[in-house]
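Trainee: Given two chains presented individually in distinct reference frames, assemble the corresponding complex, making use of the accompanying hints.
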Amino acid sequence: MTIDRIDRDLCNSCRLCVFTCPMDVIRMDADNVKAIIAYPDDCMLCGLCMVDCEKNAIFVGADRNPPLITSWG
Amino acid sequence: MADKNHIKVDILVIGGGFAGLFAAIKAREQGCSVTLVDKGYAGKSGSSPYAGHFAVFNPDWGHDFDAWMDHVSTIGEYVNNRDWTEMLFTESLDRYHDLIEWGVEFEHDDKGELIFDTYEGMVPNAPLLKRWVFGTVIRKHAVRTGVKFVNRVMLTDLMTVDGTVSGAVGFSLDDGEFRSYQAKAVVMCTGGGALKPQGWPVSELTADGEYMAYRIGAEISGKEFNEPKSASVDYPAYTMGMEWTEYGASVGPPPDLGPPQAQLVKCINSEGEEITNRPGSNFLELEFEAHQGRAPVYYRTEDGGLTKRIGGAATGLSVHTTEGLAPQSMNCDSNIPGLFAAGDSCSTMVVGATYPGIGYGSASAAVTGARAGLSAAAFIKDVPGTKIPAAQLKDYETQIFVPTKRTGGFGPQWLTQILQNAMFPYYVLFVKHGDRLQATLTMVEFMRDHLAPQLMVENPHDLRLAHEVRSMIYNAETKLRTSLFREESRGTHYREDFPRRDDPDWLAWISLQRDGDQMKLWKRPIPEKWWPDLSQPYEKLYEARMPGEVSEAAE
Ligand SMILES: Cc1cc2nc3c(=O)[nH]c(=O)nc-3n(C[C@H](O)[C@H](O)[C@H](O)COP(=O)(O)OP(=O)(O)OC[C@H]3O[C@@H](n4cnc5c(N)ncnc54)[C@H](O)[C@@H]3O)c2cc1C
Ligand code: SF4
Ligand code: SF4
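Chains A and B supply the protein sequences, listed in that same order. Using our numbering, the letters of the first sequence map in sequence onto residues 13 to 85. Using our numbering, the letters of the second sequence map in sequence onto residues 113 to 667.
With the rest of the complex left out, here is chain B (with noise of 0.2 Å):
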């Protein structure tokens, strides 16, 4: 099956955001052959095209590496990995470099000096990037050095011949058919793992990737913590104002509809009370504010107009590299022979149970995208390449094409609505509790074991929604069996029958696994090097105050 349907590489990259198009560059430099395959458009697809700031770490811009180590466990209330915290740190400057050599530009101000961003009370780190672009000059980047790019062909599951992965398949979004991609090593860049929420444009981001490294017996972790981002409440799927207008659109809707992520105004409850934020951008006190019954909450932007906003605009995704697969080494690689992992479907535990800042996000996935796209290089060395039986990749597609058969049973829009309609409400991923936490997992284990299986379409583009919609019934799995295994509440996560951060027995990550037909769950120690200073008070620990958490000197 020699044909361009049928492709065998030295590695297959999956997903082309920052992580994607890095690990495709490095691995090609080393001399690779190098197939990078996505969904939409690789520069154009994923959470990256909205990226506005890259986080860099560079002495000789006056930045305090102790300082800056200490600030991101603090606000990620000591979950985080410090190793990956610090090599984030140590080879962000590479990364900017590497951009700026493939021609991606910064903002600069009339005197020529870079932009940099910063929050209140923040590290200022993050150069500006020119937003929307760099994706396409990236991919540029890559196309010279030799990257093949295969573009609108959706990946569904892995390859594996004797336990190592050998490959991956799906099918094109545009005539249907079956797509094959033998690789001695796969590097998986899907990004994080979202719910198609009504606010963050992140529909296409549906845990795809992590599903299919799930179901070959891939550790997974990170996926109890949330990004609980806001949108407005007239236009809750609108969060894009401030670049539209930028652009000079003159369509669309006018841009006093309020910035996109709306995170440096104060946020107002229905009594006008100011709400207090704690650091870090991600934040829970517009849930805990609806919960008592004080919603809508407002946010009063920089030129004081108020507008109205509503919670979980990215209800799905956990912390920005905090989700997906577990890393076992500095190397990117999953505990699956061959198969790497970097950027939001990669989970460092860079910045731990709350994103400490900005630029993070991108920093990280070029960071780790390098890391895994050299790993894979090295790895294929000593790799001879497998050859997949016939029948076997015969067997991968008729899986695929299973709901493609079937002439009666439900369409993935109905199941999708149907799973959000359990997952959205604020009561059951933002204000946790275990009753509602389990009550939910029931439902959702019927739709995973009933519906799911039933799923039926008609065409290329409903045979994607059917897919991702199997992704998502597995990533809401994961979410709440998570939730429910961590019996505290650290940062984003947050339990109502637990509200109190649980110290040391919860300086821990959550890893799962498949094990048979069930999930397997596991505590993960973190170092006791890494634990803070348990002596201090909890308060002096942890700044942020979460409901009903009783003090201890009130104790």
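Just chain A, with the same shape it has in the complex (with noise of 0.2 Å):
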């Protein structure tokens, strides 16, 4: 797992994790209302969107599975 979830009801669209996330994993959904988790596989588990949150509605949990090697791709 990565970042776990986001949850739109508490979400106020500030966008301050859009920013925070220092590896663009985080976005503004299509209507550009609510913060969705856009790209998971680049998350590093650092938290700071976590902390940064106001409304605290997002969740970062602490695994992290590797993804698989394949041959090419």
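Take these hints with a grain of salt, some might be off.
Calculated pairs, DSS-like style, for lysine-lysine (alpha carbon to alpha carbon, straight line, at most 25 Å) [stated by the list, open to error]:
#1 K506/B to K120/B
#2 K67/A to K252/B
#3 K67/A to K242/B
#4 K499/B to K120/B
#5 K499/B to K260/B
For the record, the hints were derived by calculation from the structure and aren't laboratory data. These numbers come from a predicted model, not from an experiment.
Mentor: Dropping the structure here:
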């Protein structure tokens, strides 16, 4: 797992987490209203988004499964 | 092209950690126009948010200058640059006062006394920063002074006209469009070069700045050393436990997963033996134990619990302040006119082959950042500013977007994994051997020549990953080549096939530079006045023992 989830109901659309995430994991949704986890594979579990979100809408776990290695991709 | 995506400015600062913010503020205070571009968000990205201590040398706090100098040289195994170490000590107090003036807070105890931290056997020196928040505080001050910020733009290339740096180009992560910043001087503050390790939160630090500079002929140094950090086996990516709980987060993992860097606790090997660590915060003992088949290795936490550890949590990073653009003088100038560097992307060698204590990374970034900012401001006084021809700009743009035009090839995620697979095992960068370094180099060269040119992406996020993996391949190559070149062991550089320090032959730094298609390496000897007293016994000069090292007495 990476960043677990962002609670849509709690999110107040402030966009702070989009700027905070150093890995560009979080973006705003298609309607530009709520934060979504756009690129979970690149989450490095730094926790900065969670620390910054004033609404406590972001949940980050402790586990990170390394992706499978394939012959090419 | 005078719109907001194509800017002309006196000084461009790339990267907004401690170094970039200091550089930008100091240059702006000299009256220059300054733009700071970060691929994340200045004040929140890079290593800087995690720094908990800021080393300050202050005689009023009872600090002894000679003792400090000797301490760094001994732990750094005599390859620190003593001019820069001295500079750090002389200027750290001023930078500390700057931070206080700008509103940065340090921790105080109940009685209102400043809290200092230290390691066992170390010189107590480092006031505790109020973690996480200071970046935003410094950024606010920078805004007040008139520094302009650009967020979420990744820069990929330095522009040059007649051999002088005249800005940089890149693209926006949001709209995916080309961006250009023409400047009379550029200050590179892009931090260290890691390989997206599973441990430390440094996955955005992919040596981009160094790679840009290397391609235009900059001298680079300090690449053979390591930051040998460790992580929990069960939660290898989770290094921030203490901070999270400190912030009272009600979610996330329990607080008992171990301290983030766990440097104050004891190591125990699988046979239950305590492993004595040498002084300094970085040591290779975990790797040595693993190599002998005595893993898992545990840390005993302060409350007596045991956590299983693995090494390589910061794989790719050199010791802070010891990698990147080689400064040509105390002004943080590179060998390319108009290009300056500071912080973790400037190889001042403040601390040498092993990190000696705490707080040196952030303080050094502040000291070099300020110097680089002032130097760049002085430099541009005599520079009229050149206009980049439109055709040249178009060429940069075409190059940047090549992966978006391909219809077949490889994904950057896959190439990153392949590179990590080659570089992560402890026996490549931590327990080194000439044969293994050479074998890995062969594979990395193949990635560089065959795979990287065929990268293919569909969106700006992946375009960033594509440029990052190219920088990481470059970083891997520099680490392998310099490790092969240094035929001895020293500090965090350990060669099984050359397990002893070799004095005075290797009282030297390794520099590298692009030479056509080749990477040229050479030795820069350390001034004799900085050598230790070589008539002393080897064991006395070097407290840390390396496996396989035959002692002089036994010879
Ligand atoms: C977990 C951790 C704990 C630490 N603890 C301490 C401590 O307690 N005390 C201490 O002194 N030091 C500590 N350090 C080291 C210290 O944080 C660093 O030495 C220091 O912060 C380096 O600052 P910097 O400004 O040089 O680089 P960074 O803070 O790393 O900033 C580099 C910036 O460059 C940007 N960037 C990179 N590439 C590009 C690109 N292509 N285009 C645009 N922008 C780019 C990044 O987004 C980032 O914002 C710690 C480091 C870590 C990782
Ligand atoms: S920081 Fe929190 S409230 Fe703001 S956009 Fe992100 S999830 Fe929503
Ligand atoms: S934990 Fe860090 S990397 Fe992951 S989404 Fe949050 S800010 Fe981004």
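Trainee: Hint by hint, note whether the structure agrees.
Mentor: These are the hints, each one checked on the structure:
1. Note on K506/B and K120/B: the hinted pairing holds, with a Cα-Cα distance of about 17 Å set against a maximum of 25 Å.
2. The suggested pairing of K67/A with K252/B holds, with an alpha-carbon distance near 22 Å, which does not exceed 25 Å.
3. Annotation: proposed proximity of K67/A to K242/B holds, straight-line Cα distance about 22 Å (limit 25 Å).
4. Between K499/B and K120/B the CA atoms are separated by roughly 9 Å; this keeps the pair inside 25 Å, and the hint holds.
5. For the proposed pair K499/B and K260/B, the alpha carbon gap of about 21 Å is at most 25 Å, so the pair holds.
In summary, the structure agrees with every hint in the numbered list given earlier.
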